[in-house]
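Novice: These are the residues of each chain, in order.
Protein chains: 4
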Amino acid sequence: MKNFEYQNYIYSRKDENDNTVISVKGVDIGSNKLTIMAGPCVIDSYDATDKIAAKVKDLGASVLRGGAFKPRTSPYSFQGMGTSGLDILHDIGNKHNMPVISEIMSADELDYFIERIDIIQVGARNMQNFDLLKKLGRTNKPILLKRGFANTIEEFLLSAEYIMKEGNKNVILCERGIRTYETFTRNTLDISAVPVLKRLTHLPVVVDPSHASGIYWLVKPLALAAVAAGADGLIIETHINPRESSCDPEQTLTIESFTSLMDELLPVAKAVGRTI
Amino acid sequence: MKNFEYQNYIYSRKDENDNTVISVKGVDIGSNKLTIMAGPCVIDSYDATDKIAAKVKDLGASVLRGGAFKPRTSPYSFQGMGTSGLDILHDIGNKHNMPVISEIMSADELDYFIERIDIIQVGARNMQNFDLLKKLGRTNKPILLKRGFANTIEEFLLSAEYIMKEGNKNVILCERGIRTYETFTRNTLDISAVPVLKRLTHLPVVVDPSHASGIYWLVKPLALAAVAAGADGLIIETHINPRESSCDPEQTLTIESFTSLMDELLPVAKAVGRTI
Amino acid sequence: MKNFEYQNYIYSRKDENDNTVISVKGVDIGSNKLTIMAGPCVIDSYDATDKIAAKVKDLGASVLRGGAFKPRTSPYSFQGMGTSGLDILHDIGNKHNMPVISEIMSADELDYFIERIDIIQVGARNMQNFDLLKKLGRTNKPILLKRGFANTIEEFLLSAEYIMKEGNKNVILCERGIRTYETFTRNTLDISAVPVLKRLTHLPVVVDPSHASGIYWLVKPLALAAVAAGADGLIIETHINPRESSCDPEQTLTIESFTSLMDELLPVAKAVGRTI
Amino acid sequence: MKNFEYQNYIYSRKDENDNTVISVKGVDIGSNKLTIMAGPCVIDSYDATDKIAAKVKDLGASVLRGGAFKPRTSPYSFQGMGTSGLDILHDIGNKHNMPVISEIMSADELDYFIERIDIIQVGARNMQNFDLLKKLGRTNKPILLKRGFANTIEEFLLSAEYIMKEGNKNVILCERGIRTYETFTRNTLDISAVPVLKRLTHLPVVVDPSHASGIYWLVKPLALAAVAAGADGLIIETHINPRESSCDPEQTLTIESFTSLMDELLPVAKAVGRTI
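Note that the protein sequences, when read in sequence, are chains A, B, C and D.
Numbered according to the numbering used here, the first sequence spans residues 1405 to 1680.
Numbered according to the numbering used here, the second sequence spans residues 1405 to 1680.
Numbered according to the numbering used here, the third sequence spans residues 1405 to 1680.
Numbered according to the numbering used here, the fourth sequence spans residues 1405 to 1680.
Honestly, the hints are just simulated from the structure, not real lab data.
Please note that the accuracy of each hint is not assured.
One copy or two, either will do: identical chains are not told apart, so a pair holds if it fits within one copy or between any two.
In silico DSSO-like pairs for lysine-lysine, Cα to Cα no more than 30 Å straight-line [to be verified]:
1) K1545 to K1573
2) K1499 to K1429
3) K1674 to K1461
4) K1437 to K1674
5) K1461 to K1499
6) K1569 to K1545
7) K1539 to K1569
8) K1569 to K1437
9) K1674 to K1418
10) K1459 to K1674
Extracted from the complex, chain A is given alone in its bound form (with noise of 0.2 Å):
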């Protein structure tokens, strides 16, 4: 175990009741409630993304997901709707009645986030991009960062110190897994994240079972996983079609298979003294 300095910063967690709580339009993220969210990878139209807004609030979830801007690897690949895409999320979220929650990729684009995004998403890429953690911190918006596929526990933390330094502390941690020699997996939850993120630091911790994994069949064994080990909450991709889906088909759960993962979820959040 390496022994790194995690006291006295403002993300350190006093004792063991010393636990965050975001609120967001009626929802309590950290709270003794799991908070699931969940929709598309990619929001392609108005329609399919009303259509799995229905369905995955029906079954469980509290938040709507949907990214607008994609951090893509090649230049050549679809970037998403951009501010049209948001447009739509934000109109959805208020039909449904769920807060929304989409990936900013730069800071340009923050007022647009501030008036229609609920939750304000860091992705695994601008983990460390510090001049975007320092703007969305002189913000009051809840931010959800995840953890950059290569970075350790301790740089990830003080990633979240950047922002609440700046004044916002409505932080939500995110593993999403790392990047390890093993190819079967697209990466590797690291699953003692959550316990470590619980006991290091006040924040609310989620897992993102899909990226993680990059299977769609793995998600429910570690959705389950992450709850037993004390995850807050999970955020996942659901599609109606995840073959019509423009991004990462292969980890999409269909609702069927959402439906499922919600079924055998709330006995195991139950065993740990959890609701849904």
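Starting from the structure of chain A, add chains B, C and D where the hints point.
Specialist: Just chains B, C and D now, kept in the frame of chain A:
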């Protein structure tokens, strides 16, 4: 997802009902009932081991673990009691009616192991010691094969195949953490390996949360996660007084911690349809 | 060897004579003559930087490096002098007739960089900050793109493509070590990346042995290895008194060490048909 | 830089003049003259091996390599000719007056190796097969110890210590690439390990650019880099017709490529004060 050829091997699972159960002295490994293996990292005396055995059996462990030959990075570290440690383990196993498991480091001791030990463990450093694997394949002893700390799932399964090809089908797979860039934990538990292995092979899969984390307070959450993800059992370092243990005191549970673990494990096991 | 699609990109090398040379203030990067970039990790005063510049130029360096905006893991570490650091670097570059290079962390300072800095560096943490890459692609400034510390060669080249697709073909690639399980060195210099990049792309390739190793006494052997493997240049942290430097003292060369490096580099350069 | 205890071991270098030279049949490994070991991945016939030996000796190789026992990931891959392969290697070594090196996989064959083989190789997968190391330590044969593909430099040196502690001081260290997330190359050559090992230990250090890269066109630049970084020798897979080789054809040099390598290696060796 890497597309390796996993069909048509002896280890390959034919369908979802194809699950090998390995029975050893009344313990069914790979059955609906979880197998809890517990005991000291290293056997250093009859009395200490006897006390631990009595306690862990009482708390629900069904297999007694204990090291006699220890693979130590430095030649100047304590290397274990050797054959006299196996004698102690064997006697205490008989006394408490528990099958015993211990790690083999050389085929030279194979006859001694066969006479005294019920499950022979191959450690992570010997996962690709193909000569040893072949010799174990010519016995009919149950073999617990630990994944090498930098081996892929494909390599892990092909090492199992080395044993099975020689005739011994009694192989138990053990995920024990892989080596990554993260230094907070001793290794990174590859929790995804559990459902992947359960899908690709009919062999029982157990998890070692002690070596995976290297930190005593991580053993419980990782154990719960492993069972939630589908593991068939756990192997856990436990000691009456970890600080007196000759090795790995930081990751060894006290009896109090082991009690707490078993208490919290039961509802999670039930939640995923298992018993203990 | 992974079989990725590297043909038909703007970065793709057509044949062994297809080598881009980037000329900046009389320095030809990617030519037969090696480009040595040297200077302090961070600019902390006019006088110290001026002295270093005079020394390294005299010893054969042709580009002056110096950080003004520093990407620090912790928000409580010194973040650099900012724009006033760029002013100092610009003035000293003019005085000694050396082009200057410095790292940009936010597009907000792009105009300031364009006016004062000859080569704009994108650091490892921003290699997939696609918004920044696109904006740099709309300038005609030479860009030194550092490989992310956990990015593949394929991802590295596609980030270069992000810049080039917008119109700016003046991209210099920089290998600076990758993150592995080895903890003796700060990173692991991926020396193979040098000949791989030289084969796949027509762009100049330089190596940063300072960040790759994190240890001053490794800078020289790694620099020799880089040139032997085909690198077009080096970027090296150098200081009159490393212990006075505000960052990275352990990996910074003294003038004496830099002198020794240049002395030993010359015959190796000649041995592979290069000049300095 | 990790601060491990490397002083006061048998392997520890006392000062910069403390360099072990291992003499075997007139070849001085660790001396100012580089040691080039070359030959086929696997011995598959007398005639092919004889032709290769004649060629590589003529081109400057002083040690003949050839595999007889091959550690293969799958039990269904060709496992080598076994003892008859050792016989062939021994006879051809005598004919051409070259010491021979081959990999041992089990102590069962130790007597056979001692009689016929001049340098016994321990492969990466057996670097922590401590039983084998101890038995080799009780011989006086030169041992070429390959670094495990996921072992740290500290672990590597302590495995050397296992051999030396038993009495055998004739250990040659071999860096052959480590396992990382990068998939373009088979492994990542840790070039920094060369100067680190040369500083910490008095033992000879050789580099295997064939296994490190897995790609024939990378062998030459990596070989030049290794010598520039201070390696005492190289071990290179070479074949008259790599496509006919039973293993590793993609990384094996033709005689033409080996000739070109030796031609370009000579000036680099001279540049760093070595001969061939």
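Novice: Which hint numbers does the structure go against, in order from smallest to largest?
Specialist: Failing hints: none at all.
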